[in-house]
Amino acid sequence: MTDRQGARRALAWLVTAALLVVSTQGLAADPRKVVRDVFPVAETGFDPAAIHDLYSAGIIRAIFETLYTYDYLARPAKLVPQLAAGMPDVSADGKVYTIKLSKGVYFQPDPAFGGKKRELTAEDVVYSMKRLADPKVRSPYAFLVEGKFVGLDAAIDAAKKSGKFDYDRKIPGLEVVDRYTVRFRMTDTDYNLPYVLAHEALGVLAREVVDKYAESDGRVQSNPVGTGPYKLGQWVRSNKIVLDANPDYRGFVWDYAPQQPGDDKLVEKMKGKKMPQVGRVEVYIMVEDQTRWLAFQSGELDLMNMEGPLAPNAIGADGKLKPDLAAKGVRLDRFIDPEIRYMYWNWLDPRVGGAGKPQIALRRALAMSYDAAEEARVVLNGQAVEANFPIPPGVVGHVPDWKSTIKYDPATANALLDKFGYKRGADGWRTWPDGTPMSIKYAARPDTQNRQLEELVKKSYDAIGVRMESQRDLFPELLKLERQCKLFSREAAWIADYPDGDNFMQLFYGPNSYQSNNACATIPEYDALYKKTTRMPPGPERDRLYQEMARILEAYAPHRLTVMRYRNELIQPRIEGYRKHPILPSQWQYIDVAASNN
Amino acid sequence: MNDITLKPSVAVRREIPHTVSPGLWTLAWRRLRNDGVAMVSLAIVAAFVLLMILSGVGLVAKNWSREIGVNYAPPTFLGPDAAPAAPEPAAKSQEPAAESGGTPGSAFNSTVVDPLADVMKEIEAQKAAPAGESKSVDPLADVMKDIEASKSTATSAEQRRATLPFGADKWGRDVIAKTIKGSETSIFVGIAAAIVATFIGTVLGAVAGYYGRWVDDTLNWFYAVFSSIPYLLLILAVAAVLQHKGTMTIVLILGLTGWTGVFRLIRAEYLKHKGREYVQAADAIGASNRRRMFKHIFPNVSHVVLVQLSILVVAFIKSEVILSFLGFGVPVDVVSWGSMLNEAQNELLLGKWWQLVAAGGTMALLVTAFSLFTDALRDALDPKLKGNN
Amino acid sequence: MWAYVVRRLWQMIPTMLGVVLLVFILFNLFGGDPAYVLAGKISNPEQIENIRRQLGVDQPYYVQLGIFLKQIVTADFGSSWSTNEKVSQILATRLGPSLTVLVPLLILETLVSLGLALAVAYVRGSLSDRMVMIICTVGLSISILVYIIVFQYVFAYKLGWFPVQGWGDSFLENLVHYASLPILIGLVVAIAPNLRLYRTFILDEINQDYVRTARAKGVGENRIMWVHVLRNASIPMITHVMAQLPGLLIGAFLLERFFSIPGIGREVILAVERSDFPVIKALTVYVAVATMLVNLMADLMYKAVDPRVQLK
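Chains as they are written, first to last, in the working numbering: chain S, 1 to 598; chain Y, 1001 to 1389; chain B, 2001 to 2312.
Just so you know, not all the hints are guaranteed correct.
[What the hints assert, rightly or not] Once the Cα atoms are required to be at most 25 angstroms apart in a straight line, the calculated DSS-like pairs of lysine-lysine come out as:
id : chain 1 : residue 1 : chain 2 : residue 2
1  : S       : K328      : B       : K2158
2  : Y       : K1121     : S       : K458
3  : S       : K459      : Y       : K1295
4  : S       : K423      : Y       : K1295
5  : S       : K532      : S       : K148
6  : S       : K407      : Y       : K1121
7  : S       : K403      : Y       : K1121
8  : Y       : K1121     : S       : K419
9  : S       : K212      : B       : K2086
10 : S       : K403      : S       : K441
11 : B       : K2086     : S       : K231
12 : S       : K274      : S       : K78
13 : S       : K240      : B       : K2086
14 : S       : K357      : Y       : K1062
15 : S       : K164      : B       : K2158
16 : B       : K2086     : S       : K136
17 : B       : K2158     : S       : K322
Derived by calculation from the structure, the hints in this document are not laboratory data.
Build the full structure now, drawing on both the sequences and the hints.
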């Protein structure tokens, strides 16, 4: 090698080194820090307005930002500003919200912006909300904005007539006051608006991006362009999603106060760090339980939610991590998910539904025949607890030691049925009071866990002499019948959209039949109380009303609360700062990877 | 010449020693008898069939669904689990108090009026009646007794056995009883479905291969259309049409969707044989098409049919396992090897292997015996195919 | 012969029509309504109608059927109802992984089964013959589900010889690293029944008269096996291999599920679960075309191998 060549080489090295130093200066995220996570179901797409499942929502949470989000460690969940500069300014009557935005928030660079840096403004916020209401986009979360903002419904109607939503039309309820201020005018007092503003469906996106990339259905599922800490990297559909740290993200400093036992160490490690630290997130789709579990054990995954069937492998009967895993340094984050499950009976069916005494008695008897504790213990392998109150823990309005009047009591159930004339026929099965043979149809999806549930229901009904008839069908069919109020009986589930009790109590509100009220039950006393609660701020008064409503539900038994499941998040030792949040669907921007274990 | 036949016994018929040559099946049986493996297999299959009949009439394994063991009770030769699966402690206080004050649930005085209030009070009063009360007073006496009786067998944990001869499943049901009952279901499904499928496939295949031309085209059209639909969609469709969701549904699902392989093979065989000399010879002596098809060609093809039948029996017993995996197996009050293996899938990783081994092993035994016997039967039926030349 | 080929190609049209009709009827009657699943947690009947309109399922049946036929002719089935990904793209991207597993599997399985069948036929009646057949029989009596579960646990997890799951970016990496365990399992599952069947075919031929004649004429045993017997036994063998082809794609879904391979089999299950008609339509049409072409090829090969066969 000649001197000239040698010098040139050295120069090249020097320049490269210098560039490296300079380029990584602005980036807190280290691309060598990789976190491997897993989804048990395939994703659908990454358009905030088109969110369909919890897992796609997780990706959206990493790429987009909302006005508000949740404090990482605070329990119960507490809102903190994300795109907003502070908490909202609320008028005295609770109907007008004024919110100022942070300045200097930029979208990730994209050809749609024509090569220029694009700052996020109030216009974008309002635009994103209008999109949710656009009939063409048919957002599954349109209900978050419909009927709530002054003038929005009129715009929706106009869109239905003309076939196109006019995004330039000014809507009084969604006002752009100035470049960094929005003002919301509600049609009625609404204390839940800040929660709604923290939902992933309200992730803010730019109009140019939608104009450029929208597909035939008006959605932008494949080109997410947000302001958040990550951007979409490699994407192999239904198989692998890679998120790379967004170099143009403004970043934030990790600063949260400890809340639960074990948080102190976490805070010590993470406080003051500039986030995000993780430069690359690889999400794998693994459908089978065994695959996920083996992959975690062999170190191919860093994070995993341990679902029911295999949970006893990792978690002992006492709810603690098994010693062999603990010895490897694996951690367990375990809490009850803000979700309830309940078994309902069709209120509109003349023989089983309604407020007539014989029908109430039948439903109460069916409810009392069912041992929810056994469902938790056997069907869900101990990874659940009996649900007694309609609002789960972690959600405002929950009552921890509530004693429901509906208990597992087959003796009383039998007595009740006898008293109301459901006599046993010659074959041992009970009949309707008029003597005709009786059977209760129960619908279940065809998978393993639901089959076990079906077995349990059959056992329970057998013990009180009621014949159960199985109705097995594909999920879309069951859903359709349910929405048409034609499904007889099923165990349904509801997970919190936001941590307020209203999100749960609305499930049993009469006018929500054909939508979220699966039993299609209308109980006047309940409905009257519910309407009152929507106008009250959270507090002891509202709680009292919720408890009255719970007793009403127990008395009329349109359904039977069954279980609430545990969430068991397993964490490899190399992951630092991980504390699973009950509401946030993903949290890769809040964690770090221990440097030595790369 | 006048025919001798019309005049009875005119001529003395010479007695020619007349040996009846043994028929095909007698010969086959003789050969089978000499085959050791075949006889053992036959014995095993016969035993299973006997078990199936006994189970079907309810002489054995009648109470397979009774939960007589604790959940996941291990086999007796392993000994009971060290610590019984303790029920989950009630929701611990590690979940934060989320509510903002308010009266605790236990002491909550509701103003809600229970529409059944008076009835419930009556029932409570009756339940509180002292045990010594004369039975005639208590209208619920016999019902209560039944409840108590079923409670003691079903729910009291102390009375449930800690181990069973080959363990218990998730609910505490005896694995041996389930296996026996499961054999009945699975074998029945396998044989019945195989017969349906083989019959359809053979008849259609013979007709298509033999007649050729437009008959072949039509049947091929039918076959092509049928075999192009994704198996899953086909299963759904057949399941939806046959509303009754019982074991017969599975038989029909498998039978009506599984004939395509047989069709294809038999058609190929008939195509092949049609061009053979002996068929042309039969044509020369004036045998009709149907005669040629079934009397002449079929015996040369029957061993293929038989082998296909045995393969299908095996295939369908295994398909039932996959159907159960997809959720279209037997209903919840019926047990089969498929439903057992489906349950066992997750149990294995928990270290509970007994249901997997019981169902899998029994299935393996039957299928092996069945297949070996059918091989031997085939060898015995056709001397030209005898293994040892 | 060309007349025959042309005639068969013509016949594909009524078959395709039959398939179209059958799939259309099946799906519309029994396939489930996707609108409710796509609608989300809370939806009113108006929103459902909106969705159905967008999907095009609110149109009368004959209109929908007409659209279906047009789609087949233009080979454009639109986009998935749940992810809006173009169907052609779905198929193009998923076909690769499926074939990476299935083609080596098919080749290996045929060669190994054939080789073993010939070897076993050679020593027919001996103890080794019996032993191999018994092992085969035991092997095929175990469900593929059991094989997958146990193999994945033992060879991938416990012994670490293969990855537990996954799929990479490069073809070579996929073939050698990720596909090897699935292929191995597929091989073990397929050899047993194939071996038995091929043995039957070969023994069939060996006991025919022409073989005896050939032996009497002094032809060597090897030549008899490799040239004469094999040629005749190959007809049913070809039938068997060909018949397996179109079904393989979808049949491999179990392997794809457990090993997280982004293939067609898994896609079909996903589409059926979600009532995603465009994907199901496209797959059915392509499988149908493949089946028909494969059948045609099989018949042509009969003629090539056995001149006595008359193609009518």
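For each hint, the structure was consulted:
A hinted pair counts as satisfied when its Cα atoms are at most 25 angstroms apart, and K328/S with K2158/B qualifies at roughly 17 angstroms. Of the supplied pair hints, the one linking K1121/Y and K458/S is violated, its CA atoms being roughly 28 angstroms apart against a limit of 25 angstroms. This hinted pair does not check out: K459/S and K1295/Y have alpha carbons roughly 55 angstroms apart, beyond 25 angstroms. Using a Cα cut-off of 25 angstroms, the hinted pair K423/S and K1295/Y is violated, with the two alpha carbons roughly 62 angstroms apart.
A C-alpha spacing of about 17 angstroms is found between K532/S and K148/S, which places the hinted pair at or below 25 angstroms, so the restraint holds. For the suggested pair K407/S and K1121/Y, the alpha carbons sit about 15 angstroms apart, so the restraint of at most 25 angstroms is met. As the CA atoms of K403/S and K1121/Y are separated by approximately 18 angstroms, the hinted pair is consistent with the 25 angstroms bound. A hinted pair counts as satisfied when its Cα atoms are at most 25 angstroms apart, and K1121/Y with K419/S qualifies at roughly 12 angstroms.
Restraint check: the Cα-Cα separation between K212/S and K2086/B comes to about 18 angstroms, which is no more than 25 angstroms; the hinted pair holds. For the hint pairing K403/S with K441/S, the CA-to-CA distance comes to about 29 angstroms; that exceeds 25 angstroms, so the pair is violated. At most 25 angstroms may separate the alpha-carbon atoms for a hinted pair to count; K2086/B and K231/S meet this at roughly 23 angstroms. Proposed proximity of K274/S and K78/S is supported: the alpha carbons are some 22 angstroms apart, at most 25 angstroms.
At roughly 18 angstroms between alpha-carbon atoms, K240/S and K2086/B fall within 25 angstroms of each other, so this suggested pair holds. With a CA separation close to 39 angstroms, the supplied pair K357/S and K1062/Y exceeds the 25 angstroms bound. Between K164/S and K2158/B the alpha-carbon distance is near 58 angstroms, which puts this suggested pair outside the 25 angstroms criterion. Between K2086/B and K136/S the CA atoms are separated by roughly 19 angstroms; this keeps the pair inside 25 angstroms, and the hint holds.
Between K2158/B and K322/S the CA atoms are separated by roughly 19 angstroms; this keeps the pair inside 25 angstroms, and the hint holds.
Violated hints for the displayed structure, listed by number in ascending order: 2, 3, 4, 10, 14, 15.
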